[in-house]
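K.L.:
Position chain B relative to chain A; hints supplied.
Chains as they are written, first to last, in this note's numbering: chain A, 1 to 302; chain B, 1 to 248.
Since the hints were made in silico from the structure, they are not lab data.
Take these hints with a grain of salt, some might be off.
[Unchecked claim] Derived SDA-like pairs: lysine to any residue, alpha-carbon spacing no greater than 25 Å straight-line:
#1 B:K92 with A:V8
#2 B:K92 with A:A224
#3 B:K92 with A:P181
#4 B:K92 with A:V192
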Amino acid sequence: MVSDGLLVLVPPIGFFIAQFFYNNQLLLLTMMLYVVLAQGINIIFGFTGYLPFGYVGFFGAGAYGTALSVIFLHVPAALAVLLGGVAGVLLGALLSPLLRLSGAYFAIASLAAAEALYYLISNPQVSAVTNGPYGVNLSSVYNSGAAYIAAVALVGLAGLCVVWVRRSHFGMSLRAIRADPLSARMAGVQVVRARTYAWLISSTLAGLAGAIYGWAVSVFYPEAVFDLSISVFAIVFALFGGVGTVLGPLLGTIVLFGVYNAIGISQPQYFQLIYGVLIVLIVLFLPNGLLSIRLRGRSRVK
Amino acid sequence: MGSSPSGCVGGLVSSSPALRIAGLTRHFGGLPALDGIDLELARGEVVALLGPNGSGKTTLINVVSGIYRPTAGTVEVMGRNATGATPQAMVKIGLNRTFQSPRPFRPLTVRENVDVALRHGRARDQSREEVLELVGLAGKEDRIADSLNSAEQKQLDLARALATGPDVLLVDEFAAGLRMEELDWAGKLVRTLAAQGRALLVVEHLMGFVRQVADRVVVLNAGKPIFAGSLEEAAHDTRVVEVFLGGG
Numbered sequence: 001m002v003s004d005g006l007l008v009l010v011p012p013i014g015f016f017i018a019q020f021f022y023n024n025q026l027l028l029l030t031m032m033l034y035v036v037l038a039q040g041i042n043i044i045f046g047f048t049g050y051l052p053f054g055y056v057g058f059f060g061a062g063a064y065g066t067a068l069s070v071i072f073l074h075v076p077a078a079l080a081v082l083l084g085g086v087a088g089v090l091l092g093a094l095l096s097p098l099l100r101l102s103g104a105y106f107a108i109a110s111l112a113a114a115e116a117l118y119y120l121i122s123n124p125q126v127s128a129v130t131n132g133p134y135g136v137n138l139s140s141v142y143n144s145g146a147a148y149i150a151a152v153a154l155v156g157l158a159g160l161c162v163v164w165v166r167r168s169h170f171g172m173s174l175r176a177i178r179a180d181p182l183s184a185r186m187a188g189v190q191v192v193r194a195r196t197y198a199w200l201i202s203s204t205l206a207g208l209a210g211a212i213y214g215w216a217v218s219v220f221y222p223e224a225v226f227d228l229s230i231s232v233f234a235i236v237f238a239l240f241g242g243v244g245t246v247l248g249p250l251l252g253t254i255v256l257f258g259v260y261n262a263i264g265i266s267q268p269q270y271f272q273l274i275y276g277v278l279i280v281l282i283v284l285f286l287p288n289g290l291l292s293i294r295l296r297g298r299s300r301v302k
Numbered sequence: 001m002g003s004s005p006s007g008c009v010g011g012l013v014s015s016s017p018a019l020r021i022a023g024l025t026r027h028f029g030g031l032p033a034l035d036g037i038d039l040e041l042a043r044g045e046v047v048a049l050l051g052p053n054g055s056g057k058t059t060l061i062n063v064v065s066g067i068y069r070p071t072a073g074t075v076e077v078m079g080r081n082a083t084g085a086t087p088q089a090m091v092k093i094g095l096n097r098t099f100q101s102p103r104p105f106r107p108l109t110v111r112e113n114v115d116v117a118l119r120h121g122r123a124r125d126q127s128r129e130e131v132l133e134l135v136g137l138a139g140k141e142d143r144i145a146d147s148l149n150s151a152e153q154k155q156l157d158l159a160r161a162l163a164t165g166p167d168v169l170l171v172d173e174f175a176a177g178l179r180m181e182e183l184d185w186a187g188k189l190v191r192t193l194a195a196q197g198r199a200l201l202v203v204e205h206l207m208g209f210v211r212q213v214a215d216r217v218v219v220l221n222a223g224k225p226i227f228a229g230s231l232e233e234a235a236h237d238t239r240v241v242e243v244f245l246g247g248g
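Chain A on its own, in the form it takes in the complex (with noise of 0.2 Å):
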């Protein structure tokens, strides 16, 4: 058995030396914040059973807090992505109230404030400070290098975040509440307080990709950093990998988004029915992710 400090430790340290193998070093980048977006989707949803559609706010809100930090308060890009983060959680914060609503409700009313969000954001009346649909421009601040050792530290912190939820009381807590919300109440779980303090962690780790990612393009729309599909992708990854656990949304990543890169380069044409087709199978065979092999294995040697 792997023991987590490796599963925390050797994720950064294998994406750091890729660079030096591959040499389409942004490719890395985005299948690194996708891990984080995993790992993220996976803290909300694999420990409390909601599903956010409206993730990508909190990646979009990273990337115009970081954004504006660096055009108006002219900080420093490491501090500009610390700001991308703080405006993750305060999006997430502001969201919060959500939390009351069940499942189905929860995961139509964040993708709407995602939306409401974008269309803020992109509206040309705000242009004056977000520059509205025509984007921003952070090439003052551009290194790519840094954003890529930024990505690594961060998907290190995300896989800290998961192994403590899932080692931790609290975690202990969430699994309680997901799998009898009422019986967790009569244990005396705060339960909406649980299920926030994972919401926050789950919004601050994305607004925190969302940063670097702006940081590493210096130049995006606001079209790019709310796009649905990232959401989409992030919580198809998540499953894929099989939530709740540390190492599936890691794995899930790499091998959807690898699969997902070659069939974009070599197949392109074919590259929508490919993934389509492959996503019906996952779900069909394998509904609880990759990782379920393995446990289903081991339940079966018992």
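P.N.:
For chain B alone, kept in the frame of chain A given last:
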């Protein structure tokens, strides 16, 4: 109300009852499921709640434990007003309950099930071992709750409630479905829990079990208390006999 079902039974009710329910009423869509229930329980006392199906026994437990808000009336726990408190608040004030069909945290181990309640309850000096020993689950700490049989799941549900350190415990059909040899043990457990200073309100259908554990009984019908007293008196009460034998 001169014929309050509480207070009239010997010297068992002390000056400050562990649980005092007054005029408790709950409507569902205009229909009264509970209609002006008065009840007092002292520490160390076991009161059995009887009544036909649909008479409001489980609804009473759900309202008192904070799962439903009362439409009217008050709930006091250990002298503190707890009317309309949430389940979490009830746990902190010192009241807990078990579920008719047990609701343990199924994917979690027995150990984790108890630990959640120990951690979020009010009795942090209590140990997991004590609780599991008491309910008869010692040695099964590593079992997944879902793999327990139904009697064990009831024991675990009770362990979850006890681990929060309640002064008042509402027990919804703990004996139902137990085998004969388990019934005697369950009866002794209920008496032990009371002897340790808790007040227990138990909902039961098994009269043998009620005779073994209850100091007195309260009979509900259609959301109203129709009798309070000893089980022997209840058996000779015309209203009670009518309700149970389906007359009138």
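K.L.:
Evaluate each hint against the coordinates.
P.N.:
Each hint tested on the structure:
Annotation: proposed proximity of K92 of chain B to V8 of chain A is violated, straight-line Cα distance about 37 Å (limit 25 Å). Between the alpha carbons of K92 of chain B and A224 of chain A the distance comes to roughly 48 Å, so the proposed pair goes past 25 Å and is violated. Between K92 of chain B and P181 of chain A, the direct Cα distance comes to roughly 17 Å. Compliance with the 25 Å bound is thereby established for this hinted pair. Simply put, K92 of chain B and V192 of chain A have alpha-carbon atoms about 16 Å apart, close enough for the 25 Å limit, and the pair holds.
The structure fails to meet hints 1, 2 from the earlier list, while all remaining hints are met.
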